[in-house]
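Trainee: Chains as they are written, first to last, in my numbering: chain A, 1 to 65; chain P, 1001 to 1377; chain C, 2001 to 2272; chain H, 3001 to 3182.
These aren't lab readings, by the way, just hints derived from the structure by calculation.
A portion of the hints provided could be inaccurate.
[Said to hold, decoys possible] Once the Cα atoms are required to be at most 30 Å apart in a straight line, the calculated DSBU-like pairs of lysine-lysine come out as:
1. C:2263 - C:2041
2. A:16 - C:2263
3. A:61 - C:2263
4. A:33 - C:2223
[Stated by the list, open to error] Which stretches of chain H does chain P cover? Using the computed rule of at least three CB atoms under 8 Å from a CB of chain P, they are:
5. 3051 to 3064
6. 3086 to 3098
Backbone N, C-alpha and C define an ideal beta-carbon position, used for all residues, glycine too.
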Amino acid sequence: MEKKLAKIEIIEKYCKGCHICVEFCPTKVLEMKGFVVSVKNLEACIKCMQCELRCPDFAIKVSAE
Amino acid sequence: MSKKVAFMQGNEAAAHGAIYAGCTFFGGYPITPSTEVAEVCSIELPKIGGKFIQMEDEIGAMAAILGASLAGAKVLTSTSGPGLSLKQELIGYGCIAEIPCVIYNVMRGGPSTGMPTGPSQSDVMCAKWGTHGDHPAICLTPASVQETYEEVIRAFNLSEKYRTPVMVMPDEIVAHMRERVVFPEPGEIEVIPRKAPTVPPEQYKPYDTSFGDVPPLAAFGSGYKFHVTGLNKMQDGFPTTKAEIVQAEEERQVRKVEANVDDIASFEEYMLADAEVVVVAYGSTSRSARYAVNVAREQGIKAGMFRIKTFWPFPDKQIKALAAKVKGFVIPEMNLGMCSLEIERNAQGKAPVLGIFRVDGEPINPDQILEKIKEVK
Amino acid sequence: MAFDYDKWIRPGKLPHIWCPGCGHGIVMKGLIRAFETLQLKKEDTALVSGIGCASRLPGYIDCCTLHTAHGRAAAFATGVKMAKPEMNVILVGGDGDGTAIGGNHFIHACRRNIDMTYIIMNNYIYGMTGGQFSPCTPTGHKASTTPYGNPDPGFDIAKLAIGAGATFVARGTAFHANQIDKLIVEAIQHKGFSVVEILDDCPTTYGRRNKYKSVIEMMNRLKEVAVPVKAAEKMTAEQLQGKVLTGVLYKEEKAHYTDEYAKVIERARAAK
Amino acid sequence: MSRYELRFSGAGGQGLITAGIIMAKAASIYEGKQAVQSQSYGPEARGGASKSEVIISDGPIDYPKVTQCDALLAMTQEAANKYSHDLKEGGVLLIDSDLVKIVPPGNFKTVAFPIINTAKNDVGREIVANIVALGAMVALTGQVTRENAEKAVLSSVPEAFIELNRKAFSMGYERAEAAAKG
């Protein structure tokens, strides 16, 4: 069965580059690209939502449908 | 049908006046010599479904009334010298956020604890310059118990009409002496309601100057939602540091009062038509002045009195006009010359200004004033 | 499934003013989730704050918001709640604002047990003025005004609140983001004065002075020190050394002020 | 203008403030005159000396304090010594004869009777000495009628003490009348 991928939306103008999402992602989905976060490995996402919950800047939206 | 009358103190009359004006919230902190206001409010307000709260300190009391006013209530606090000093930051908040409220301050000796039970008139400058920053100031100085009742009503009206804090400042003598009060019937004295918004909530801006210098104020919990801050703000209530907006808003806040001096300022002219010596007085001191003027007239001296009922905005125009035609001013006041400075500023050297300054906790008696009247040549 | 925070954020107000890595944004998200869970009506919800970084929060939230003077949030809010008891009144602010200049209003709001919720973001420092020590800065720590280490002992906000009479006291951390909304929901539902302390981080003015290499290190510290009250029950005193309890620390059903004042009105009317 | 100035003086706790208020109320509310009452506050009002001033007039009253006293009640020696000097020529001084042993000299009419003792022994309660004194002051000053003053007394005291106060007032009024004649 094909795995349904999460949709991770990064709102770049809100991201302040704090690293919290990158560091605390249990499956290392995210990385810093310059000062802003970006998605490195969407396949690995387990939709735990921790990045969205912990982003202080409203810069990450994860949709898991 | 005879009207309801009572024999009461200025402080008690103030509380009853507030209730006539529609006050439904009192927040205060006990301080001599103003506590009777709180005591009467604690009895009377709950009877009409209003609220009385004794806060933990003077600042808290000022904060509570501002919060309650934003939630739609007409609000009052009472205090005296040290309390007025403590309330100053939030009086400024009331000015910049444009929140109607009435501050009743009984003037006692100072600075600091000073003479808690002695009369004084030394808070009149604090009423204008106490809080930092440019701001409008309205301050009423009643001279009798009846007038205290009526001026508190007027204070509420001015506060709502101009959306700004208003102070009523009797000296301790007026606050504590007892006289007859004749209570007006409902409707006999105009009570001005708060100007509510006419636009739907989604279009509402708390400082929308398209409605003039005094924008309507919605109440929290009435279907409107908006932001209030003590920072310099834009018309929508959100903070700004944009130079032209800050300048315009600051000027408007002050203009609300400055451009309406004729509506706000009130005074009494007593035997001024041919007066050569004018006693300028306010509060209880004006009662001694009237006595002295009467005696002076009996002795053939052309004396008169200009009684200041509204200390701020100051009656500049009237004093300037008097200065041009009189031989001199006599200013009795229970401080070391606060009103005198204002008179000198307006007299511009055209007439001498003789002060009687008393800060010993004793009233200025008519003899002292009469003596000074005679010194004007 | 992404949570729709925009429903509660005022249009055009983001990005917010907080520094990179500051946990205040995490707390704000928790607050929004709580509001949404409770389906609060914006027009009937007042969010009141004092002065400081954390006190800027109300400016972003679409409801009746009141950004007052330094330390005075609880006193303003008391006026709002008394005048309109049917409103939900929520206070937010920092540790300096709430426990130093606003300490008196804080303890008396607790004592009255007035039905409001106070969320204190405790980052142990005055951030907005550049990092002076607060009543919550731990002893020995550095701040711009304790260059040789802080000689003062710090407040325990939760103990202070319980001692002063608050009837619901909880603690969470900015790291444990998924707990924040749950604590706030319970606090708002509680009848009486509820306090939620959120241990927070200030990487800019506190972290750097106290040898935290990064935001991550600060977040990890919050992760390490936090022990849920349930877990703590099974731990020894030795194991609890240096730890901070999280979760609902205190809860009591008790008469609260707005109800009690309604009774005053009844008695006054009866005596008329 | 018919300005009449009264001073009620003595010790804190003697009820002199209340006596002054009732006198002024009688004039202002029941007699149709104007009246102002004021008092000293502060440490003086807590156990030490006590002073209540009343100005009564047919017209508006400007200066609310005593300038030259028309009638003085002194319930202690100290008060008699302190305030009798600004009593007008031809004015009235009422003293408690048990408490003021040295009668201050002056061109005024002094009336003395044991006020506190009258309250204690003849009325039955020392606490109403102030109302005995008030009754006496009403009789001696003639500023308000006996009926109006009594109305003011009765409207100012709790229901349960109406009779006691009525008796105290009458006793004071009559004792003063008798003492003034004698």
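Trainee: Decide if the proposed pair is consistent with the structure: residue 33 (chain A) and residue 2223 (chain C), CA atoms, cutoff 30 Å inclusive.
Mentor: It holds: about 26 Å lies between the C-alpha atoms, which stays within 30 Å.
Trainee: Can you confirm whether chain P covers the stretch 3051 to 3064 of chain H, using C-beta to C-beta distances below 8 Å and requiring at least three such residues?
Mentor: holds (count 4)
Trainee: Hey, residue 61 (chain A) versus residue 2263 (chain C), does the alpha-carbon distance stay inside 30 Å?
Mentor: violated, 48 Å
Trainee: Given that the stretch 3086 to 3098 of chain H was listed as covered by chain P, double-check it with a C-beta distance under 8 Å for 3 or more residues.
Mentor: violated (count 0)
Trainee: Can you confirm whether the C-alpha distance between residue 2263 (chain C) and residue 2041 (chain C) stays at or below 30 Å?
Mentor: holds, 27 Å
Trainee: If you draw a straight line from the CA of residue 16 (chain A) to the CA of residue 2263 (chain C), is it 30 Å or shorter?
Mentor: Violated. Residue 16 (chain A) to residue 2263 (chain C) sits at ~51 Å, over the 30 Å cutoff.
Comparing the model with each earlier hint shows violations of hints 2, 3, 6; every other hint is respected.
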